[in-house]
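Starting from the structure of chain H, add chain U where the hints point.
What follows is each chain in one-letter form.
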Amino acid sequence: MNAPISSRQRILDSIRSATSSVAKPAAELSTAYAVLPRPYIRKGQMTASGRLELLIERLREYDAEVVEATPDAVPAAIDAQLAASGKHRFVAPSGLDPENLVDGFDWKIDYSLTTGEIELAEGVVTAASCAIADSGTIVLHHGPSEGRRVITLLPDWHLCILRASQVVETLPEYFDRFRNAPALITWISGPSATADIEMTRIKGVHGPRFLHVILVRD
Amino acid sequence: MSTAILDPKLAPPFREAVLPVLRNPMLRKNVAHATEVIQNKRAKLVAEKTDWQELRDAASAIRAHVLENLGAYLEQFEERCTAAGGLVHWASTADEARQIILDLLRQENATEAIKIKTMTSAEIQLNPYLEAAGVTVHETDLAEIILQLGKEEPSHIVVPALHINRSQVREIFSRTMGLKDLSDDPKELTGAARHYLRQKFLGVPTAISGANYLIAETGSVAVVESEGNGRMCLTLPETMISVVGIEKVLPRFQDLEVMLQVLARSATGERMNPYTSLWTGVTPGDGPQRFHVVLLDNERSAILARPKERQTLKCIRCAACMNHCPVYRQTGGHAYGSCYPGPIGAILTPQLMRMHHAESLPFASSLCGACYEVCPVKIDIPAVLLDLRADVVNIERKQAKRAFDLMYIGLRIANMLFARPWIFHATQRMGRIGLRLFTTKDGWIKWLPSIGGRWTENRDLRGLPDQTFHEWWAARAKEAK
Chain H
11 MNAPISSRQR ILDSIRSATS SVAKPAAELS TAYAVLPRPY IRKGQMTASG
61 RLELLIERLR EYDAEVVEAT PDAVPAAIDA QLAASGKHRF VAPSGLDPEN
111 LVDGFDWKID YSLTTGEIEL AEGVVTAASC AIADSGTIVL HHGPSEGRRV
161 ITLLPDWHLC ILRASQVVET LPEYFDRFRN APALITWISG PSATADIEMT
211 RIKGVHGPRF LHVILVRD
Chain U
29 MSTAILDPKL APPFREAVLP VLRNPMLRKN VAHATEVIQN KRAKLVAEKT
79 DWQELRDAAS AIRAHVLENL GAYLEQFEER CTAAGGLVHW ASTADEARQI
129 ILDLLRQENA TEAIKIKTMT SAEIQLNPYL EAAGVTVHET DLAEIILQLG
179 KEEPSHIVVP ALHINRSQVR EIFSRTMGLK DLSDDPKELT GAARHYLRQK
229 FLGVPTAISG ANYLIAETGS VAVVESEGNG RMCLTLPETM ISVVGIEKVL
279 PRFQDLEVML QVLARSATGE RMNPYTSLWT GVTPGDGPQR FHVVLLDNER
329 SAILARPKER QTLKCIRCAA CMNHCPVYRQ TGGHAYGSCY PGPIGAILTP
379 QLMRMHHAES LPFASSLCGA CYEVCPVKID IPAVLLDLRA DVVNIERKQA
429 KRAFDLMYIG LRIANMLFAR PWIFHATQRM GRIGLRLFTT KDGWIKWLPS
479 IGGRWTENRD LRGLPDQTFH EWWAARAKEA K
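Quick mapping for you: the protein sequence lines, in order, are chains H and U.
Position one of the first sequence corresponds to residue 11 (my numbering), numbered consecutively onward.
Position one of the second sequence corresponds to residue 29 (my numbering), numbered consecutively onward.
For reference, chain H alone in the conformation it holds in the complex (with noise of 0.2 Å):
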């Protein structure tokens, strides 16, 4: 491994020399990034309500279907929302609430299912760790109520339960609740989707081609 040790060293070299009149020294990086100009929106101006209206009107535009439930009618509103997908074997995450695996169906819970088992689900129901109105866009972090990345991928039908109180209106606003990165992070808005093709935009090429919410108003 001499080589890439010794490319390192001349790559470091030649950035040192290349930036040695403007780089600031170790002591003074931080206060260098500290004064970075932030002019821009950080909290939103609307209302918890508004909030909330703004994100349903943002899913449904990415073709998202949104339902709203309170907090004792979730597993109500799942049952509906399977009932409907006219899908029996769905994956669940080992962290969801037991009370949400409802009767009926086909439940494989991910301890360390196989990506064959995962492949064979025709859905996914979890949770998610946040959701930002402005954009749409819902985001996973992959703990235990949520799963592993693998399994909102592969079942081209995916329910997530959401909480009104997860939701914040900018992204800026997603930043300042979440300081330290988790390890991993997917943040998505609506279905796959690609406009490659004569920038017409298609629905579903490989993640799940359905995306619904159901917004828990706790």
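Do not rely on the hints blindly, as some may be mistaken.
In the BS3-like style, the derived pairs of lysine-lysine whose C-alpha atoms are separated by at most 30 Å in a straight line are [as the list claims (entries may be wrong)]: (1) K57(U) to K215(U); (2) K342(U) to K53(H); (3) K118(H) to K228(U); (4) K406(U) to K69(U); (5) K69(U) to K53(H); (6) K97(H) to K228(U).
Cβ-to-Cβ under 10 Å is the rule here; a few derived chain H residues that face chain U [what the hints assert, rightly or not]: (7) T29; (8) L46; (9) L181; (10) N190; (11) P192; (12) I195.
Just so you know, these hints were derived from the structure itself, not from any lab.
Beta carbons are placed, not taken as given, at the ideal position from N, Cα and C, and that holds for glycine.
Positioned in the frame of chain H, the structure of chain U alone reads:
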């Protein structure tokens, strides 16, 4: 189908490369249509963002700060990524990067790899190198599959197949996938690609990607995409190799709050792209358990040394500059002879080649400034173009041919004319009479002999008016008396 050469070392100068394109009305129509659609979508979404200029200011400041302190941030990224279980490799040149990637694939005994669209891999011409070494590479982005199966070259950095229309895609897919009954409905074509790739995603254990951002603070890597092919490649394989230009670092996780707001709006005219993935080294039980980052210099550190040119590396590859460029919109990407076309390519490619190749690109611009106006990180592309033009002239000045080159002789004569008003006016009158011979009835000059032909070989010229401004002014003053 395509004869484009996207190797700057071999590609002909822009004004020659552009000729076949200008004679290809279908390609021009495809490019004009696609860029117009993106322009309109972008304009609508930028207009609704009341803090757009403030976001640009912040994005520009963050990127400039990174470049000025690149050494410190790269070392921090390396340390944190390594601590999280990633392996960081450094490549000074394209050749070294290719070699590192091939060695890693050989360690895995890989005969195949799936790939997320990465311009950096196109820059180092990775696919032909791996194919020659016996590794089959499967592109997984829809546009990249169209290009790979159709043996075409990319003509745009975000929508690489925008020069190909639906009936051409139908022809490529039905021929290479053996689907006789395929229609040209984009939905059906997309479905064919989904089916074609599914088994590759599930069966090939090694993946290659680029990256949109490296986060120094956490050692994380972020990939921005639309289709989910990226997520497939990032999640299903056992080994992931990401090849990334050294300039792609951001200081902190929080900087994404700016970048993710400007990137999708600028690139595809969306509030947010469907999927953005961030991962940090290796996570037990989730995704590839072996993760490599290959940091590529390939002349970038040399670009850093020049204060005006340094901003070239602020680029976040959104392609807004090419979508808005009046030259690119006429020519498409192939004429630029590089995987980086358009205004950003016109400044990036010659610098990556140390000005030894692609010297014609800084002249492939009208300097209208549209690129600067839409750039989300405020790269003053016209200023860099001008600086690079000066470099080209400085190189040519040292060459002996200059004394005999018609262009330089012409410029010296022009210098003499412009310095002496009476000769200038006399020349104008003579030119008017002379040019009438070449002016068509609709008032345009479409062909000129000799040196003048350098203009008309790929542009039309407006015929000279019957009266100059000076003559009109003098006549007006006379009438007033």
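May I ask which of the numbered hints given earlier this structure violates, with the numbers listed in increasing order? As far as the earlier hints go, not one is violated by this structure.
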